[in-house]
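Student: Sequence:
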Amino acid sequence: MEKQGIESHCADLMLFNQYLWRKARELEENESANLRRIDQVYEMIKGISKIFEVRAGHGSIETDFIYFKTEDTIFWRGCL
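Residue numbers (my numbering): 42 to 121.
Among the clues, some could well be false.
Claimed, not checked - Listed below are the simulated SDA-like cross-link pairs for lysine to any residue, each with C-alpha atoms no more than 25 Å apart in a straight line:
#	residue 1	residue 2
1	K64	Q81
2	K87	E69
3	K64	L76
4	K64	S90
Claimed, not checked - Have a look at the derived ranges for each label pair, beta carbon to beta carbon:
#	residue 1	residue 2	range
5	A74	L54	29 to 37 Å
6	E67	K87	27 to 35 Å
7	A74	D53	25 to 33 Å
8	L54	D80	27 to 35 Å
9	E84	M55	29 to 37 Å
To be clear, the hints were calculated from the coordinates, so they are not data collected in a lab. In this text, all values refer to a predicted model and were calculated from it rather than measured experimentally. Using N, Cα and C, we set each Cβ at its ideal position, and we do this for glycine too.
Construct all of the structure, not just a fragment, from the sequences and the given hints.
Tutor: If you want it as structure tokens, here you go:
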């Protein structure tokens, strides 16, 4: 399988990161009691931040896939 660098998908990651921040704010306003779901969104945001940190420090990184673990399948259907 051919590896694709993050460099070519930087704009997509930034859009996804913006979506996650909006989703986190929405969850905090509308579902503030659902801490597990809010924590999952913030963990995804931290994961994307780490990708950008590595990219900034080493020019670029290569990856086949980015995985986020969540127990909320309904949330993921909305993202895809």
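Student: Does each hint hold? Answer for all of them.
Tutor: Do the hints match the structure? See the list:
1. K64 to Q81: holds (11 Å)
2. K87 to E69: The hint holds at about 17 Å.
3. K64 to L76: holds (13 Å)
4. K64 to S90: At roughly 16 Å apart (the allowed maximum being 25 Å), S90 and K64 satisfy the hint.
5. A74 to L54: 29 to 37 Å: holds (30 Å)
6. E67 to K87: 27 to 35 Å: violated (18 Å)
7. A74 to D53: 25 to 33 Å: holds (32 Å)
8. L54 to D80: 27 to 35 Å: This hint is violated: roughly 21 Å between Cβ atoms.
9. E84 to M55: 29 to 37 Å: The hinted range 29 to 37 Å is violated for E84 and M55, with Cβ atoms some 18 Å apart.
When held up to the earlier numbered hints, the structure conflicts with 6, 8, 9 and fits the remainder.
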